[in-house]
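Engineer: Chain by chain, the residues:
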Amino acid sequence: MSDQKTLTTELARDLSLFHITMMGIGMMIGAGVFLGIGNAIHHSGPGGVILTFALNGVIAVFTAMSYAELSSAIPRAGGAYNFARIGFGRQVSFISGWIEWFASSIAGSAYAITFSLYVWRFIQGTGIMEGFSSYVPGIEKITAVLITLLFVYINFKGASEAGKVGAFFAFGQTLFLIIIGIVGIGAVLNDPSRLQNFTPFMPKGWGKLFVTMGFTYVAFEGFEVIAQAGDETVDPKKNLPKAMIYSVFIVTVTYVLVAFAAVVAVKAGSPGVDGEVWKWIGSFGAKGFGEAVGRIMPFANFLLTLAVVFASTSALNATIFSATRASYALGRDGMLPAFLARISPTSKTPVFALLSTGGICIVAATSLNAINIASTASIMFLFLFFLVNVCAIRIRRIMADELTYGFMTPLFPLFPVTAIICQVIMIFHLHEVSYAALIIGPSWVVLGIIVYHLYSKSHAKTTEEEVVILEEEEETESDQVERNYNVMVAVSNPENTLGLVKNTYKICEAKKAHLDLVHVVSVPSQIPLRDAEDHMLEGKEGIVEMMISLAFHYPIDTSIRYCRNIARGILSAVKKKKADLLIMGWRGKTTESEFSLGSTIDPLIERSPSNVVIFKDCHNQEFKNILVPVSGGAHSRFALEIATILADKEEGRVVALNVDTGKYHFNVEDMLQKNEDNLYLPPDRISIKFVKSQDRLQAVLTEAENYDLVVLGCTKKSMIQQFWHTSFPEMVARKCSKPIAMVKSSPGIGSLLSRWI
Amino acid sequence: MDLHTVIGVLIVIVSLGLLTFLTLWARKSINTIGKNGYVSPRKRYKDNGDE
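Going down the list, the sequences are from chains V and E.
Here the first sequence is numbered in my numbering, starting from 1 and rising by one per residue.
Here the second sequence is numbered in my numbering, starting from 758 and rising by one per residue.
Rather than coming from a laboratory, the hints here were simulated on the basis of the structure.
Take every hint as true, because none was put in to throw you off.
Think about it this way: if two alpha-carbon atoms lie no more than 30 Å apart in a straight line, the pair counts; the simulated DSSO-like pairs of lysine-lysine are:
hint	chain 1	residue 1	chain 2	residue 2
1	V	K279	V	K141
2	V	K624	V	K649
3	E	K785	V	K576
4	V	K575	V	K512
5	V	K575	E	K785
6	V	K512	V	K576
Based on the provided sequences and hints, a complete structural model is requested.
Structural biologist: Here is the structure:
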């Protein structure tokens with residue numbers, strides 16, 4: 001009986017520095033800049049708007065450094081809620097979570113309003129629905145409510161917003177804003193008289209600066225979400241702090257450029273512009289940015305609306321699930337009623353937390369105007385960041401001995417203290433633009449204190465010492481076993497596991513391999529990965545069955561891997577465990593038109609650094625006659641190797657089929673001879689068959705009828721060719737009625753490069 | 758260019774400069790701190806058991 005470890009669970013780390021940086025940027029560029037520029041110009045003038053974003057960026061980076069320090073020391077903590085718990089205990093942690101929930105919800109309503117304002121501004125500008133908005137009062141608020149409901153629904157269904165698509169959109173919207181900034185600089189170089197728009201620089205005095213910094217601070221909230229990705233980030237001790245600081249830097253520079261462009265975009269004296277330019281832009285309030293940019297570049301209105309739609313909807317989606325997670329965490333820990341932590345059995349999302357978040361968004365969007373929403377969101381985040389800065393000081397003082405930091409704030413505690421002072425001043429000055437914010441914000445905090453004393457204190461669950469459980473367990477040198485060849489079997493559907501058993505046996509036996517069994521479970525974004533085990537119960541049954549079948553014969557490690565995306569979860573497992581061969585099952589059809597073999601299989605064939613074998617309909621039968629269509633490449637050689645392993649030891653035969661279409665010739669005998677050492681059948685049981693045919697596909701399909709199994713290598717075609725044509729192995733795999741094994745040999749660097757071309 | 762403008766421009770330049778400096782400093786610090794993370798002198802003292 002083999003030496004076997006117990007079943008472990010692990011979280012797939014598949015977010016790189018780029019992904020989490022873009023996550024932070026995507027969250028930050030949502031509404032603050034689009035709503036804030038016009039209002040900031042109105043309140044503090046042309047110079048004031050530039051100073052507003054520059055100084056807010058500096059204060060934000062001070063807070064980002066506090067977050068960075070705490071996240072690097074406690075990467076699994078997941079944000080202010082747990083930092084406060086570790087630093088101060090239950091009451092402050094409840095207040096943090098309570099504030100975080102409300103702040104994100106209000107920010108969501110700001111994004112919904114931004115979406116609505118700019119979309120209707122565009123529609124009205126085209127004249128398509130002229131006068132419509134005057135016939136339907138409150139159409140902008142209705143639109144904001146509808147878009148909120150849409151994203152509540154999307155979050156309910158568990159659609160993921162993270163990953164490469166989100167990163168792509170964040171990159172695109174940042175690039176667009178930078179382009180606006182560059183166009184502004186170009187306009188000034190072309191016509192330096194536009195710099196006169198900055199005179200007077202601070203027409204309403206320097207005192208207004210803290211006011212505008214206050215209500216635009218919401219433009220800098222978003223980097224804290226990066227802390228929640230600690231469970232899923234590669235090398236979190238380094239990448240979390242880097243991502244937070246990089247995202248604030250990139251966003252600040254972008255905002256300053258964009259604010260500059262907004263001021264110089266309008267030429268004094270141009271049609272429709274009466275008086276000073278800054279007054280004209282400021283008169284439009286929240287829409288001022290759009291009005292200004294519309295004058296500086298062609299198709300600006302359309303492009304700007306497109307950018308706002310992408311930015312506001314992605315930020316809305318992200319804040320809804322961020323707020324949902326905050327209230328879910330409070331419910332899970334007993335700080336709020338348990339129904340908030342209840343997970344829908346169908347969608348696996350925390351439905352009541354989601355509905356309550358959506359409710360707050362909708363109430364705010366319908367009852368407050370744009371500046372009050374922005375100010376309320378800003379004040380809540382100012383409270384939250386104030387708390388985090390205090391936590392950073394506290395935890396450094398009491399726990400520095402216990403923690404290992406990936407980043408430590410320099411000149412400590414100068415920067416967090418400076419941030420705290422500035423945040424208090426900004427909170428105080430908000431009364432000049434929004435009394436509503438100064439009433440709602442503190443009232444919510446006071447309400448939270450009351451709720452804590454009346455409910456949370458007596459219902460909160462006791463937790464273990466969190467510093468201990470938050471440390472990642474690293475595999476030590478003594479745990480690692482000498483491994484010559486590592487096979488990984490990845491399953492995401494427990495029903496398919498047993499079908500892979502027999503063939504996996506054969507391969508492991510031939511290769512004297514160590515076997516890793518990984519069951520990959522996809523977790524919706526709304527549930528933190530580290531809570532997945534409490535909800536994803538069906539993962540364990542399938543893998544336990546396969547473990548029992550295989551465990552008596554092979555050294556085997558088994559694990560359940562929780563991830564956001566199955567393909568990425570498997571890829572990260574392959575890389576982490578240094579697998580030489582990945583085995584998977586394929587059901588044989590896909591519903592997604594953009595994928596050849598399915599959204600899981602395609603990326604694995606494309607990107608896995610290991611060899612890959614994918615079985616279709618190979619349900620543990622014996623294979624006496626195996627057909628291997630060959631074309632001369634590395635995949636064909638590997639296909640022959642696998643075929644000789646799978647063939648029945650006593651009576652199995654392998655036939656290498658060469659279909660001669662007249663276009664391409666290669667020497668099959670030569671290939672077999674050179675590959676002799678990698679073949680597991682004696683030469684007399686391996687034969688070659690030549691078929692002349694113009695239609696290679698049909699020839700293979702016809703021949704396959706006489707065999708038990710077809711083993712074929714993945715395509716050698718370039719990416720560009722594959723884009724236009726379905727590849728040959730894929731066509732065979734779809735049309736052949738016999739069991740199929742598709743194989744891919746691991747690529748070298750040159751092979752990867754040449755494949756692109 | 759009046760005094761407000763001069764001071765304002767200087768503040769913007771200093772702010773962006775400080776931001777750039779802190780970002781670069783943080784990057785260097787994180788990269789050099791090492792894979793094992795910074796251990797505070799007191800923890801190292803305790804771990805090594807030195808008196």
